Amino acid sequence: MAATRSANAAAAPGRTTLVVVLGALSAFGPLSIDMYLPALPAMGDDLNAAPSLVQLTLTACLLGLAAGQLLGGPISDARGRRAPLLAGLAVYVVASVACALAPSVAVLIACRLLQGAAGAFGIVIGRAVVRDRAAGREAAALFAALILVNGVAPIVAPVLGAGILHVTSWRGVFALLAGIGVVLAIATALLLPESLAPEDRRPGGLRDTLRTFRALLADRRFVGCVVSSGLAFAAMFAYISGSPFVLQEVYGASPGVFSALFAINGLGIVLAGRLTGRLAQRGHEPAPLMWAGLLGVAGGGIALLVSVLVGLGLPGVLPSLFVAVGSIGVIVPNAAALALSGHPSTAGAASGLLGLAQFAFGAAAAPLVGLAGEDTAVPMAIVIAALGLAALATFAALVRTP
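Under the working numbering, the first residue of the sequence shown is numbered 26, with each subsequent residue one higher.
Label-pair ranges, simulated between beta-carbon atoms:
no., residue 1, residue 2, range
1, G308, V403, 40 to 46 Å
2, A214, L334, 48 to 54 Å
3, L296, A200, 29 to 35 Å
4, I289, T42, 26 to 32 Å
5, P344, P223, 48 to 54 Å
6, L334, R303, 32 to 38 Å
It is worth saying that the hints were derived from the structure and are not from the lab. This structure is a prediction, so every number in the text was calculated from the model and none was measured. We put the beta carbon where it would ideally sit given N, CA and C, even for glycine.
Working from the sequences, and respecting the hints, build out all of it.
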């Protein structure tokens, strides 16, 4: 046993390599979602589909990202991290090609579900690898470093998507995603060794998996971290789903301007993640930082709602969105560090439940912003404010940290 762990430690990549590879893997969510956002209106025209049906392609991807994490986490606890990760990357490439070739919106929705589920393996197993190698403040700092890498995705993805639309159709976006999947598969095969020794793996049967989930859900602190981060994530996805229509249709932004505004909010996530990493390295515990992030989402949501109701326009809406969305860069690393800290032997399953909550709540929130049509920003503002307050209240009630 000691020899196996020593071999794994010797084969471990450097911190920079680890951060870059895991950060890129954890970027599957924003890459799969944000890159095609500028193409939503054109996609509806090409496939002769209503906006509500086009938005279901986003919902399907979110559901896939949620379900895939619930599946990939326990599998990686039983089979190790490397083999399930490479399998997920291969399926992601195939699903992305299928999306590019989809003849109808119904087929595209199904392919997006599979694409999201396959991409989820990279997200959930990446978090588990971090937990294999670090804990506590060290884990929070490492998770924050991943934010700096995957935070580039929401900045670059919509701009890149808008650029692709200038030279080809929306199908080119999915072709590019397939290429990214190939590159990440090669990088994983070459640079990321196994981090879970065979003697540390758990039985992979259904009964054992359900027993593990029951034990995790009986942990009040774990549930509080999972639900509060899931609600905060849902607020961000309400913004992701509603902003293409709100900023372009309600406030008149062009696709290029929308992409730039979207990138600015993504930069807010990166800056918040960088600040979180530095504070963690200086000895700040994850719980107080989590409080700060949740207060940012709730405060930004309330400010957004007031701005919309009072009619302040973009000067009021944009700063509010920047605060609410940027706070996710504080919440994500600290929620992961807190949720996984007490469960080293079931890090994959714990990571899966954390991801399930984030993307399942996001999938539920995304359609709500369009209930009143495309001509008002009120539903998006209400949903973001309500979810931010609910996340704050949940953390206060279940985690109970000073």
